[in-house]
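Novice: Sequence:
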Amino acid sequence: MQARSRVIMRVLYFAYGSNMSSERLRSRISFMQIISRALLKDWKVVFNKRSNDGSGKANLVESPGAVTWGVLYEIDVQDLDTLDKIEAGYEHTTVRIWTPDGNVVEAVTYISENLTDDPRAYKWYKELILSGARENNLPQDYIAYLEELPVKPNSDSETAG
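Read in the working numbering, the sequence shown has 63 at position 63, and its numbers run on one by one without any break.
It is possible that part of the hints are untrue.
[Said to hold, decoys possible] As a list, the in silico DSSO-like pairs of lysine-lysine whose alpha-carbon atoms are at most 30 Å apart: (1) Lys44 - Lys123; (2) Lys44 - Lys85; (3) Lys123 - Lys152; (4) Lys41 - Lys85; (5) Lys152 - Lys41; (6) Lys44 - Lys152; (7) Lys85 - Lys152; (8) Lys41 - Lys123; (9) Lys123 - Lys85.
Treat the hints as calculated values from the structure; they're not laboratory data. Values in this document were obtained by computation on a predicted structure and should not be read as measured data.
Please construct the entire structure, taking both the sequences and the accompanying hints into account.
Specialist: This is the structure in structure tokens:
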């Protein structure tokens, strides 16, 4: 009897928020491989996505001339369904990403139109994003930008989970 082979489809995923942390993303999906750090032009990161916990979460807003650094992963296409559930309130969309060697690729990322009037993240959440940025050696000036984003004190019920 001949064994059936299963075709695994992969997709490029651009993470700019807490999923830049490879440990966090690995705990959420079945397969991920880091391709490289990468750049999204004319968009910037802000904490204006409304969250159920009362804080702002990372989101992208169009901003001509701005840049957003992040991590380009290869993931199983079936894991997009998993991420869609985890990233409730976001929609996945395709964007053009620049790699450090100058290549331009299309990748999936998440953007939300469910916005908060108080665009501040909890401190633990911003620290998780900064950890992922440092882990992936994003440029120091970009890390400095992330460090300057406003935060609110951690709530008693919130943890880095």
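Novice: Confirm or reject each hint.
Specialist: Status of the hints after comparison with the structure:
no., hint, in the structure
1, Lys44 - Lys123, "holds (19 Å)"
2, Lys44 - Lys85, "holds (24 Å)"
3, Lys123 - Lys152, "holds (6 Å)"
4, Lys41 - Lys85, "holds (27 Å)"
5, Lys152 - Lys41, "holds (28 Å)"
6, Lys44 - Lys152, "holds (20 Å)"
7, Lys85 - Lys152, "holds (26 Å)"
8, Lys41 - Lys123, "holds (26 Å)"
9, Lys123 - Lys85, "holds (24 Å)"
Hint violations for this structure: none, all hints satisfied.
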